[in-house]
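Q: Sequence:
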Amino acid sequence: MVNVIAEITQIIQELARGRRIAEVRPGDNLLARGIVDSLAIVKLTLFLEERFPIRIVDEDVIPENFRDIESLSRFVQSKLR
462 MVNVIAEITQ
472 IIQELARGRR
482 IAEVRPGDNL
492 LARGIVDSLA
502 IVKLTLFLEE
512 RFPIRIVDED
522 VIPENFRDIE
532 SLSRFVQSKL
542 R
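All residue numbers for the sequence shown refer to our numbering, where the first residue is 462 and numbers rise by one.
It should be emphasised that the hints constitute simulated quantities derived from the structure, not laboratory data.
Heads up, some of the hints might be wrong.
To be verified - Here are the computed lysine to aspartate or glutamate pairs in the EDC-like style, where the Cα-Cα straight-line distance is at most 20 Å:
(1) K540 <-> E510
(2) K540 <-> E525
(3) K504 <-> E531
(4) K540 <-> D521
(5) K504 <-> E520
(6) K540 <-> E468
(7) K540 <-> D519
(8) K540 <-> E511
(9) K504 <-> E475
Given these sequences and hints, build the entire structure.
A: Structure follows, in C-alpha cells:
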C-alpha cells in the first residue's frame, strides 16, 4: 500500500529545499510560505499523476487542494477512490 502522505511530504520537502526553506510541517500553508507557486503546482500535478493512478483536471487545481500537505493528501486519497 502506498503511503500517500509520505510521498507528498517527500516532494514538498524537495520543493522547499529548492527555495531554501529548511523545514515544512504537515499543517504549514504551502502557498503562504512560498513553497508552492504556479510553477510548483504544475510540477506537483505531474508528480501526483505519475506516482498515483489519478487524473487531475483544471477544476481540481484550487488553493484548497494545495494549501498544505494534509489537504494534498486528502485530495489525492479522494481521487484514488
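Q: All hints are to be evaluated individually against the structure, with a verdict given for each.
A: Cross-check of the supplied hints:
1. K540 <-> E510: Holds. K540 to E510 sits at ~10 Å (cutoff 20 Å).
2. K540 <-> E525: The given pair, whose Cα atoms are some 15 Å apart, holds under the 20 Å limit.
3. K504 <-> E531: holds, 18 Å
4. K540 <-> D521: holds, 10 Å
5. K504 <-> E520: Given that 20 Å is the threshold and the Cα spacing comes to 17 Å, the pair holds.
6. K540 <-> E468: holds, 15 Å
7. K540 <-> D519: holds, 14 Å
8. K540 <-> E511: OK: K540 and E511 at ~13 Å, within 20 Å.
9. K504 <-> E475: Given that 20 Å is the threshold and the Cα spacing comes to 11 Å, the pair holds.
Checked against the numbered hints above, the structure breaks none of them.
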